[in-house]
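Note that the protein sequences, when read in sequence, are chains G and V.
For the first sequence, the numbering used here begins at 4 and goes up steadily by one.
For the second sequence, the numbering used here begins at 4 and goes up steadily by one.
Heads up, some of the hints might be wrong.
Just so you know, same-sequence chains aren't split out, so a pair can sit in one copy or run between any two.
List time: in silico SDA-like cross-link candidates among lysine to any residue, alpha-carbon distance up to 25 Å [stated by the list, open to error]:
1. Lys-76 / Leu-98
2. Lys-17 / Ile-197
3. Lys-152 / Thr-46
4. Lys-20 / Arg-60
5. Lys-17 / Asp-191
6. Lys-17 / Met-192
Simulated from the structure, these hints should not be mistaken for lab results.
Computed from a prediction, not measured in an experiment: that's the story for all the values here.
Protein chains: 2
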Amino acid sequence: MTVKKMNITRHEGKVTKEERCSRNQANSVLIWLTGLSASGKSTIAYELERLLFDAGRSVYVLDGDNVRYGLNKDLGFSEDDRRENLRRIGEIAKLFVDAGVITIAAFISPYRYDRRMIRSLFSEKGFIEIYVRCPLEVCEERDPKGLYKKARKGEIPNFTGVSDPYEIPEHPELIVDTSLLSADESVDMIFQYIKAKKIIDN
Amino acid sequence: MTVKKMNITRHEGKVTKEERCSRNQANSVLIWLTGLSASGKSTIAYELERLLFDAGRSVYVLDGDNVRYGLNKDLGFSEDDRRENLRRIGEIAKLFVDAGVITIAAFISPYRYDRRMIRSLFSEKGFIEIYVRCPLEVCEERDPKGLYKKARKGEIPNFTGVSDPYEIPEHPELIVDTSLLSADESVDMIFQYIKAKKIIDN
């Protein structure tokens, strides 16, 4: 069957973000999770993704696993490279949001300057900064990858929370404290927030 | 309503590419359009996107408009920068394909080496190279942005087809000749191809 014979209503022009969001019954936004290593960012990101996907939404997680080894494999951990790493992530997220996808990013992103830079790429309602709060002592106790131990021994330089600062978000849209809430409860809290903000209808 | 009370079947673990493709009733692939400036790549890309979107699919176009001014705004047109430009595009496309999105890329991409490099990021069936063929004379006649005129005057250095080579694809999955076919016919031809290859069910 040729295109012309297909039973499809063809529209004119480029597919707009509005058309994509309307189909996805959601505003595409960037949900930015920032916090210390082992604070629970990735766990929350993937549980939230699962929840939104099962609720029928287009959703995608960007984190170190899929970005650092691909797009940003040319970058190291110097200050410049870390900044460029986040700049590129912001720009990719912008493409995903343009594509109508609810995008969840999980990165330590310790500096306010960088988080502000990423926020500036989006509309006011298009960027949701979530501070995944967890006291350093608790993160160090969890230490699932043994990174804090190595950092304390001086084997990892510039490690956030140990030898490098973490700048606490001043005006995040939301704070979830994973020393008080379970992952499920944290995800639930974020989900309530995005429903309240009408990012998704239910 | 809390997550726990929602009427959603929750699955365990990360959302897989297979789950995404199943929902999209399509295999996510990268459709790579290569050809001279003014050969019709972007027109075809956006018409194909419109067609697939109207047929209910998740689909997204990457081209100079949304990549050069964002992610790759730090890159110029030197050989190294052009290569890095395409490397990054390949890696972004990989993320989109992983997200279950049919991804269409429209870039001159004049060198076999670069196109091979991008192909190598994907599975055998995951990359479809389409040569948008159009004789140089016809492209120069169209010259919608006046670029060939400028290149002939020497105002644009390293212009593909004029002062820089275009390496014709040796084994593209498909050739569409836009000096013989209209944009609609070209899109139709690609659409037939991806149906025949069962990239989308109908």
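Task: Hint numbers not upheld by this structure, sorted from lowest to highest - done: none
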